[in-house]
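Colleague: Protein chains in written order, with the working numbering: chain A, 3 to 737; chain B, 166 to 320.
These aren't lab readings, by the way, just hints derived from the structure by calculation. Glycine included, each C-beta is placed from N, C-alpha and C at the ideal position. Among the clues, some could well be false.
Over 12 Å on every C-beta distance to chain A, these chain B residues come out as not near it, computed from the model [claimed, not checked]:
| hint | residue |
| --- | --- |
| 1 | A167 |
| 2 | R169 |
| 3 | K171 |
| 4 | G174 |
| 5 | R175 |
| 6 | Q178 |
| 7 | I216 |
| 8 | G218 |
| 9 | A220 |
| 10 | V221 |
| 11 | D283 |
DEER-style ranges, computed between Cβ atoms [to be verified]:
| hint | chain 1 | residue 1 | chain 2 | residue 2 | range |
| --- | --- | --- | --- | --- | --- |
| 12 | A | S309 | B | E287 | 46 to 54 Å |
| 13 | A | D730 | B | E287 | 31 to 39 Å |
| 14 | A | R347 | B | G318 | 48 to 56 Å |
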Amino acid sequence: MKATRSTRRDFLASSGALLLSFSLERPRDAQAAPLPGSLARSRRLDAWIRVGADGSVTVLSGKCEIGQGLATALAQIAADELDVDLERIDMVMADTGRTPNEGYTAGSLSIQQSGTALRQAAAEVRQILVDLAAQRLGAAAADLSITDGRISATTGRSTTYWELIDGVEIEQEATGRATPKPAAERRYVGQSVPRLDLPAKVFGEASFVHDLRLEGMLHARVVRPPSYGARLASVDEAPARALEGVVEVVRNGSFLAAIARREEQALAAATSLRDAARWEGETALPPNADLASWLRRQPAQDGVVDSVGPDPAEVPAAKSLEAEYSKPYLAHAALAPSCAVALERDGELVIWTHSQGVFPLRSSVAQVVGLPEERIRAIHMDGAGCFGHNGADDAACDAAVLARALPGRPVRVLWSREDELRWAPFGAAMSLRLRAGLDGEGRIVHWRHELWSNTHSTRPGRRPSFVAGWHLASPVPSPDAVNIPQPFGGADRNAVPLYDFPSRRVVEHFLPDMPVRVSALRSLGAFANILAIESFMDDLAAAAGIDPIAFRLKHLKDERGRRVIELAAKAAGWTPASVTPRSAESGSAKKGRGFAFSRYKNRGTYLALVIDVEVDASGAVRVEKAVAAVDAGEVINPDGLRNQIEGGIVQAASWTLYEQVTFDRQKITSTDWRRYPILEFPEAPDVEVVLVDQPDKDPLGVGEAAQGPTAAAISNAVFAATGIRRRDLPLNAGA
Amino acid sequence: MAMRIKVNGRRHQIDAPPNTPLLYVLRNDLELSGPKFGCGLGQCGTCTVLIDGKAVRSCQRRIAAIPPNAEIVTLEGLGTRESPHPLQTAFIEEQALQCGYCTSGMIMAAASFLADNDDPTEAQIRQALAGYLCRCGAQGRIVRAIRRAAEKGAA
Numbered sequence: 003m004k005a006t007r008s009t010r011r012d013f014l015a016s017s018g019a020l021l022l023s024f025s026l027e028r029p030r031d032a033q034a035a036p037l038p039g040s041l042a043r044s045r046r047l048d049a050w051i052r053v054g055a056d057g058s059v060t061v062l063s064g065k066c067e068i069g070q071g072l073a074t075a076l077a078q079i080a081a082d083e084l085d086v087d088l089e090r091i092d093m094v095m096a097d098t099g100r101t102p103n104e105g106y107t108a109g110s111l112s113i114q115q116s117g118t119a120l121r122q123a124a125a126e127v128r129q130i131l132v133d134l135a136a137q138r139l140g141a142a143a144a145d146l147s148i149t150d151g152r153i154s155a156t157t158g159r160s161t162t163y164w165e166l167i168d169g170v171e172i173e174q175e176a177t178g179r180a181t182p183k184p185a186a187e188r189r190y191v192g193q194s195v196p197r198l199d200l201p202a203k204v205f206g207e208a209s210f211v212h213d214l215r216l217e218g219m220l221h222a223r224v225v226r227p228p229s230y231g232a233r234l235a236s237v238d239e240a241p242a243r244a245l246e247g248v249v250e251v252v253r254n255g256s257f258l259a260a261i262a263r264r265e266e267q268a269l270a271a272a273t274s275l276r277d278a279a280r281w282e283g284e285t286a287l288p289p290n291a292d293l294a295s296w297l298r299r300q301p302a303q304d305g306v307v308d309s310v311g312p313d314p315a316e317v318p319a320a321k322s323l324e325a326e327y328s329k330p331y332l333a334h335a336a337l338a339p340s341c342a343v344a345l346e347r348d349g350e351l352v353i354w355t356h357s358q359g360v361f362p363l364r365s366s367v368a369q370v371v372g373l374p375e376e377r378i379r380a381i382h383m384d385g386a387g388c389f390g391h392n393g394a395d396d397a398a399c400d401a402a403v404l405a406r407a408l409p410g411r412p413v414r415v416l417w418s419r420e421d422e423l424r425w426a427p428f429g430a431a432m433s434l435r436l437r438a439g440l441d442g443e444g445r446i447v448h449w450r451h452e453l454w455s456n457t458h459s460t461r462p463g464r465r466p467s468f469v470a471g472w473h474l475a476s477p478v479p480s481p482d483a484v485n486i487p488q489p490f491g492g493a494d495r496n497a498v499p500l501y502d503f504p505s506r507r508v509v510e511h512f513l514p515d516m517p518v519r520v521s522a523l524r525s526l527g528a529f530a531n532i533l534a535i536e537s538f539m540d541d542l543a544a545a546a547g548i549d550p551i552a553f554r555l556k557h558l559k560d561e562r563g564r565r566v567i568e569l570a571a572k573a574a575g576w577t578p579a580s581v582t583p584r585s586a587e588s589g590s591a592k593k594g595r596g597f598a599f600s601r602y603k604n605r606g607t608y609l610a611l612v613i614d615v616e617v618d619a620s621g622a623v624r625v626e627k628a629v630a631a632v633d634a635g636e637v638i639n640p641d642g643l644r645n646q647i648e649g650g651i652v653q654a655a656s657w658t659l660y661e662q663v664t665f666d667r668q669k670i671t672s673t674d675w676r677r678y679p680i681l682e683f684p685e686a687p688d689v690e691v692v693l694v695d696q697p698d699k700d701p702l703g704v705g706e707a708a709q710g711p712t713a714a715a716i717s718n719a720v721f722a723a724t725g726i727r728r729r730d731l732p733l734n735a736g737a
Numbered sequence: 166m167a168m169r170i171k172v173n174g175r176r177h178q179i180d181a182p183p184n185t186p187l188l189y190v191l192r193n194d195l196e197l198s199g200p201k202f203g204c205g206l207g208q209c210g211t212c213t214v215l216i217d218g219k220a221v222r223s224c225q226r227r228i229a230a231i232p233p234n235a236e237i238v239t240l241e242g243l244g245t246r247e248s249p250h251p252l253q254t255a256f257i258e259e260q261a262l263q264c265g266y267c268t269s270g271m272i273m274a275a276a277s278f279l280a281d282n283d284d285p286t287e288a289q290i291r292q293a294l295a296g297y298l299c300r301c302g303a304q305g306r307i308v309r310a311i312r313r314a315a316e317k318g319a320a
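Only chain A is shown next, with the shape it has when bound in the complex (with noise of 0.2 Å):
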């Protein structure tokens, strides 16, 4: 099968430069049906489907298995529209020689992206195979039924998708036309179908990049140096290079690496080149006490982000607060450290990598290792649980750039912990104030926010990223800081309350400067805007002497908003009496509980939750259990849903708890697990989740949805079991 293509939509949708304008002639393309998430950019059905004549259905999405199930859930989308069972379905998932280009696994975007598209792709397979099957055999379409690939009329008769497509590939675009099939008719959506790459994992097969092992491969490991500033003075190679095993030493200005045939030589070898190397140059890090007041002095670019009704200092007000919020560095904290594998071979490059964007990577490497992109191809496999820019990208580079170095051999680069912690971006540091007034009702008349924060994105993209780049002779700097514009923000995410405030501003102090290296962690500023909003929203209700829960549905219109918060507030069986302050208790552990909520993004998935704590009498908190009530449209894998929320919940537990990175002026300090420690099986809370099906809305991603709520209800609950409010993360700092 051939359709016509309109080179013009082509032309338009691999230009994005000159999309704008073209803009206004859109219109006036009537054949342009508007198409649903990524689809619209990669509009070719075959782009994203494969129905072979050997009875395969491969599907394929740019959009990467992150750890958190996406794939499981994208087969059974486009199981559910192909009529076809589960089983036969083959992911393949982001690689830039097979799949489409979905940019980015981030953003809780890739159901909206992916998902949608891939729905809308596979309805239309169906469509053309179905009346295929009418003129074979006779039928009406609307008589024919399908089980398994299998199209069957009422006469009996029957034939296969396997058949009908004879090896040939749909080679057309999509068209918008088919209609994917009502809740009511799914199969597989909306079932808690087990994941499908937990079994190779469970037992021990080779699942990760980790895990690659191509024939004649070579083990290297990086020497970085010993800040962000240093640079490398001398270093005599001729000890390392004399090693065991040792293949090569590569130096390409402050870049230094060792590659050998066994990773343990390659290990040496790195130790060798380190206690060889000198290194220069001075960093100044940031004074690692009172990081905020710090934050607050930097030289900042001001923005309002969002201005609503009068200017908030001249509302009159019963009673006014104002308080101060602060987040630390956080580390990713990959399980597993970094890593890649490249191969160079005839002047192609291939890399293997747990990035979670294998185009943007391929483009940004490009530039670093003066390749075109053409010639590159990234391929993405698993890694450990990935929440952001990590090192992922780095380890890339760095294997790129070292298989370059030794054409024809595959060349493993794996971090080292100290290097994962020390060297992979952080989630940028925080300050934030708030002020708010309330009238003789106990009703906000206005509200403040206003925030201090470096970037939150400076993933590579159409520049590249890469510790290896700042340290080749030739230098790649990063690019300047940019923020993520609302509605999404980057720093200012979830900044803007979804309450209904009469007067508020919404200020945002954007520091370009990054003495610490940062960018995008799970749920970017999310997490510290809505600790502090729904953790002054409490302060507000202490002071207008009114139910936490109570007083946020006295200020909240949404309805889906108000039916998480109702949800949850049952299901925790939440009585106004369990939450009021009770004075300290000297030497006993004291008990409270606190709530929570946030839409993500104000356009994303609902979550309320209710947790509880104990506090000791050091002044340590424990979280005992997390109640959550989640509206994430439609859900297509509860189970996969409620795993995502409990991790979710869990990690944000131990980043309000436990989580900072640390340094000295020169250096980061916090690496290793004894340094950088998180959250362990003892201090674990149980979750509960519960969901609200709505099959009829669009779905929406979960992932990032907890971060915030459980910061803001583990210091609404420190402040109801003893009467203090600790504005200051992590909580359980010198306890």
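Here the structure of chain A is known, so what remains is to put chain B in place on it, guided by the hints.
Modeller: Leaving out everything else, chain B in the frame of chain A:
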């Protein structure tokens, strides 16, 4: 230097420097993917294997320090798809992971622990797994999976 070790019931001749950590021998010489490198410091538990039934962090054990007759068991040796260990079955039934990188260490640690305590409480399981890190936050599911395996007689 050639050394002999016994892994998953099979004897192997290993030609590696004597101070090579067992983890690298398992992963690179024997091409086993169960044990993982997580920190190389003995802090995270992803490299855990059984040596004579006891959980050992294989990144911290030099190959020369392992007696040739010691029985080393990795996740691959615990059970297979055809004949799964009750812990493997329970991890699938509880969907007790997100990314799966910690899974091997969790299952090996639990196998060793259940051999000493075949009917543990949730609190005992949590204590036993202190020092085994999961970044995805699957702790609750992992505890449930181990309880489930204990009920099915994993020990």
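Colleague: Decide, hint by hint, whether the structure agrees.
Modeller: These are the hints, each one checked on the structure:
1. A167: holds, 15 Å
2. R169: holds, 19 Å
3. K171: B/K171 clear of chain A: closest Cβ-Cβ about 17 Å, beyond 12 Å.
4. G174: holds, 15 Å
5. R175: holds, 15 Å
6. Q178: Check passes; 16 Å lies beyond 12 Å.
7. I216: B/I216 is indeed farther than 12 Å from all Cβ atoms of chain A, at 17 Å.
8. G218: Per Cβ check, B/G218 is outside 12 Å of chain A; nearest 18 Å; holds.
9. A220: holds, 14 Å
10. V221: holds, 16 Å
11. D283: Given a closest Cβ separation of 19 Å, the condition holds.
12. A/S309 to B/E287: 46 to 54 Å: About 51 Å separates the Cβ atoms of A/S309 and B/E287, which means 46 to 54 Å holds.
13. A/D730 to B/E287: 31 to 39 Å: holds, 32 Å
14. A/R347 to B/G318: 48 to 56 Å: 52 Å Cβ-Cβ, so the 48 to 56 Å window holds.
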